[in-house]
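If you read the protein sequences in the order shown, they are chains A and B.
In terms of our numbering, the first sequence has 71 at position 71, counting the first letter as 1, and numbering is strictly consecutive.
In terms of our numbering, the second sequence has 648 at position 41, counting the first letter as 1, and numbering is strictly consecutive.
Hints listed in this document are in silico derivations from the structure and should not be mistaken for laboratory results.
Among the hints, a few may not be true.
To be verified - The calculated lysine-lysine pairs, modelled on DSBU-like cross-linking and capped at a C-alpha distance of 35 Å, are:
| no. | chain 1 | residue 1 | chain 2 | residue 2 |
| --- | --- | --- | --- | --- |
| 1 | B | Lys716 | A | Lys87 |
| 2 | A | Lys310 | A | Lys120 |
| 3 | A | Lys87 | A | Lys449 |
| 4 | A | Lys87 | B | Lys694 |
| 5 | A | Lys438 | A | Lys500 |
| 6 | B | Lys716 | A | Lys549 |
| 7 | A | Lys487 | A | Lys438 |
| 8 | A | Lys305 | A | Lys147 |
| 9 | A | Lys305 | A | Lys128 |
| 10 | A | Lys449 | A | Lys438 |
| 11 | A | Lys524 | A | Lys490 |
| 12 | A | Lys524 | A | Lys449 |
| 13 | B | Lys731 | A | Lys549 |
| 14 | B | Lys694 | B | Lys716 |
| 15 | A | Lys524 | B | Lys682 |
| 16 | A | Lys449 | A | Lys549 |
| 17 | A | Lys490 | B | Lys716 |
| 18 | A | Lys371 | B | Lys682 |
| 19 | A | Lys500 | A | Lys490 |
| 20 | A | Lys147 | A | Lys115 |
| 21 | A | Lys128 | A | Lys510 |
| 22 | A | Lys371 | A | Lys449 |
| 23 | A | Lys487 | A | Lys87 |
| 24 | A | Lys449 | B | Lys694 |
To be verified - Chain A is faced by these chain B residues, among others (derived, beta-carbon under 7 Å):
| no. | residue |
| --- | --- |
| 25 | Val645 |
| 26 | Phe651 |
| 27 | Gly659 |
| 28 | Trp696 |
| 29 | Asp726 |
| 30 | Val729 |
The C-beta atom is built at its ideal place from N, Cα and C for all residues, glycine as well.
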Amino acid sequence: MKRGWRNALVVALVVAAPNAAPAQKKPPAKKPDPMAGMPGMAHDTTKPSSKKPAVKPASNPASSTMAGMPGMKGDSMAMGMPIPMPKGMPMIPGLVGLTPQVSSFLPGAGVDPTKVAPVKPTQTVRLKDGDTLDLTAGLVRRTIRGKPFVMYAFNGMVPGPLIRVAQQATITVRFHNKIDLPSTVHWHGLRLDNRFDGVPGLTQQEVAPGADFTYTVHFPDAGVYWYHPHVREDIEQAMGLFGNMIVDSPEPDYYSPVNRELSLVLNDLLINADSLIPFGKESATYALMGRVGNILTVNGEPNYKLTARKGEVVRFFFTNVSSSRTYNLSLGGVPMKVVASDESRFEREERVPSVVLAPAERYVVEARFEKPGRYALVNAIQAINHYEGEFAPEVDTLGVVTVGDVPASPDYGSRFAALRAYPEVSRDVDRFRQYFDKEPDEHLTLTVKPNSLPLATVQFMNVDTAYYAPVEWVDGMPDMNWLSTSKQVKWILREDATGKENMDIDWHVKQGSVVKLRIFNDPKSFHPMQHPIHLHGQRMLVVARDGVKTRNLVWKDTAIIPVGSSVDLLIDASNPGAWMLHCHIAEHLQSDMMAVLHVDPAGGGSH
Amino acid sequence: MSLSKALAVIAVVVLGPYDIQLHNTPRTPNAHGAARLVFAESPFGVAVTADGHASYDVQLTVSGLPEPATLGAYKAYVAWGVTTDLKQWRRLGTVANGSSTVGRVEYNKFMLVIAAESDSAVVKHAGPVVLSGTSPSSFLQMFLAHPMFRGVAP
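Throw the hints in and build the complete structure from the sequences for me.
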């Protein structure tokens, strides 16, 4: 069958369908907003501002309309630019010529990239209990494949400063917002004081451009964490506002000895030829599947390079800060073992052929480069070509490790070969085992409601949904996805007992209780896809998936819920306050997929 | 039937992404079965191979299978994971009436075949098929191969 014939039939079906939504016209081109003289637009992004935060609570704790904000009056770029499509996949004929129903936005619109300071290498900042860090979100120039772009950075670095602290330390972070959007800082995974969780409208007000906010950040658990904004993550996080925190245990043998430790932060950028695909200003675009980039970066760079010695054992702290992409990483057959995840070590180490990271997840993985050579760090997945109805293997090379002839010293080969068990983790988990088999205290169903999507999108989604992959590794339909805005797609956490959705769910538990939450990802919704569900301020165990008990437990704050799966989470509700539970696909969060868990203080009081 | 109603019908009959309905053959008209694909144990929750193939353990529930010998010189039923081009047959394990977890499949699209075999330890398929089904991923088809389009194609 000729593709042209098929296209013609598709056009006929779409055009002939009744009640077609009116075509969305491209918004008229506007002059770029120079933002000259706007707060936060000064080139010196290191000097703290003395301005007070604006007192304007967000109506939605995780989203923010940019209307009325300084610098938000003009389009930075026309929305009509072509978007990257998968190889061999044409744009759906019924969608050609349509554009998202938003005006466009890019960081620092109108700013000459050559006048913005270039990005700096990430520095490790070792802080002691009681120390203070100034953290400034500002504009930065990054050069990706030879082309300069204006993006965001913390302290001029992408990733931002790697904060390294001892377990139980408490530090002060003075946040200075010098970008062109309101912002906050969320300390992802930390069981800290609720006031400093960084959620606008719930724990604090947005920090307006030019304003400041001071956080007290406590680190109760060893592990790898990260910080990022909780306002328009689809823009701010995607454009560079993220950084790692590594919390060191006082136990000298907490991890096995290695020759080196490296933090690898994974992100993806969506660039067409030599331009960033603009973001939606009033609401997020790519609301169906999230914005999946076509250039993968490690620590902000598309071609990560590492040299290692023969036999060197490296401990990698992997963090996925992508808006939507789930990774399947491997190292060209280099042996790897997974040691820890979000908030603790596993009960025992495991050899793994690859490392799967959903957005916001972290894994601590050790690898030994036994032989000289070049080893590619790849993301290898089975993509889906929805148009042809076939799986399509994809391999993206994120970087290369070159291993030389000089042997590593000391030689940790024998320690690497052993798979350690961590009985202290098992002992910590033991006091929760009595709750593993109890009936869930709460049932949530994940689903979605479309609203005024283009008719062609609706028709094709229906046709295409004879099969849903448990995990969509790439954006197989970027044209439909791009056109969908967070005003047209409502992603839903639905409480089964009440039918209440998202922020209407009234969920209270007592501090100190152990809560079993069962989440079901409805495969029969309009567009099912996996959701990395993140709970703020607590820790949780994934005790079962689809009725199969987990045998090697680890404390988590983010867990992937594949399509059609039912996942049981056991929450250690130890930290009082109002805590977000949400999908960490940035565009799903913008599309309302969030609820609040109220952990009421022990000994009385309720919200 | 309107286009939208046709789409609704299609949506209703779709099974979940982990379910396989097994169909019998004329030799075993009373046999029935279903399979459930469960992600293999993985520290990441989602089990995949290094090249990204999903890794599933196959849970089988079958009933109505007669004694293998009633079909000929056969001693056991064996489950096979088979690629849709029939080129690769992976032995999953022996099957009896009731529920059991057999082996692991790591194909994109595949068929699940239960056959009577001459021995429980066979490593190559040879006997008659008694139950079979296709993976949910096999429903992933070219747009115009979808039933909705068949009615309007010339």
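Verification of the supplied hints:
For the given pair, Lys716/B sits about 21 Å from Lys87/A by alpha-carbon distance, which is consistent with the 35 Å threshold. Of the supplied pair hints, the one linking Lys310/A and Lys120/A holds, its CA atoms being roughly 30 Å apart against a limit of 35 Å. Annotation: proposed proximity of Lys87/A to Lys449/A holds, straight-line Cα distance about 30 Å (limit 35 Å). The suggested pairing of Lys87/A with Lys694/B holds, with an alpha-carbon distance near 27 Å, which does not exceed 35 Å.
This hinted pair checks out: Lys438/A and Lys500/A have alpha carbons roughly 23 Å apart, not beyond 35 Å. Taking the CA atoms of Lys716/B and Lys549/A, the gap is about 27 Å. The hint holds against a cut of 35 Å. For the hint pairing Lys487/A with Lys438/A, the CA-to-CA distance comes to about 39 Å; that exceeds 35 Å, so the pair is violated. A hinted pair counts as satisfied when its Cα atoms are at most 35 Å apart, and Lys305/A with Lys147/A qualifies at roughly 19 Å.
Between Lys305/A and Lys128/A the alpha-carbon distance is near 31 Å, which keeps this suggested pair within the 35 Å criterion. About 32 Å separates the Cα atoms of Lys449/A and Lys438/A, which keeps this hinted pair within 35 Å; it holds. Annotation: proposed proximity of Lys524/A to Lys490/A holds, straight-line Cα distance about 15 Å (limit 35 Å). Between Lys524/A and Lys449/A, the direct Cα distance comes to roughly 12 Å. Compliance with the 35 Å bound is thereby established for this hinted pair.
The suggested pairing of Lys731/B with Lys549/A holds, with an alpha-carbon distance near 33 Å, which does not exceed 35 Å. Under the criterion of a C-alpha separation no larger than 35 Å, the hint pairing Lys694/B with Lys716/B is consistent with the structure, at around 12 Å. For the hint linking Lys524/A to Lys682/B, the alpha-carbon distance of about 41 Å lies beyond 35 Å, and the restraint is violated. A threshold of 35 Å between alpha carbons decides the hint, and for Lys449/A with Lys549/A the separation of about 32 Å falls inside it, so the pair holds.
Among the hinted pairs, Lys490/A with Lys716/B is consistent with the structure: their alpha-carbon atoms are about 31 Å apart, no more than 35 Å. At most 35 Å may separate the alpha-carbon atoms for a hinted pair to count; Lys371/A and Lys682/B exceed this at roughly 49 Å. Restraint check for Lys500/A and Lys490/A: the C-alpha separation of about 14 Å stays at or below 35 Å, so the hint holds. For a cut-off of 35 Å, the pair hint linking Lys147/A to Lys115/A stands: about 14 Å separates their Cα positions.
Straight-line distance between C-alpha atoms of Lys128/A and Lys510/A comes to about 33 Å, which keeps the hinted pair within the 35 Å bound. Taking the CA atoms of Lys371/A and Lys449/A, the gap is about 52 Å. The hint is violated against a cut of 35 Å. In summary, the hint linking Lys487/A to Lys87/A is supported, as the alpha carbons are separated by about 29 Å, within the 35 Å threshold. Proximity of Lys449/A to Lys694/B is assessed by CA-CA distance (about 42 Å); at most 35 Å being required, the pair is judged violated.
The beta carbon of Val645/B is positioned within 7 Å of a beta carbon in chain A (closest approach about 6 Å), and the interface hint is therefore held. Given the 7 Å rule on beta carbons, the hint for Phe651/B holds: about 4 Å separates it from the nearest Cβ of chain A. Checking Gly659/B against chain A by beta carbon gives a least distance of about 4 Å; that is within 7 Å, so the hint holds. At about 19 Å, the closest approach between the beta carbon of Trp696/B and any beta carbon in chain A exceeds 7 Å, and the interface hint on this residue is violated.
With its C-beta approaching chain A no nearer than about 31 Å, Asp726/B sits outside the 7 Å limit, and its interface hint is violated. Nearest Cβ of chain A to the Cβ of Val729/B: about 28 Å, over the 7 Å cut. The hint is violated.
Going down the numbered hints, you'll see the structure goes against 7, 15, 18, 22, 24, 28, 29, 30, while the others check out.
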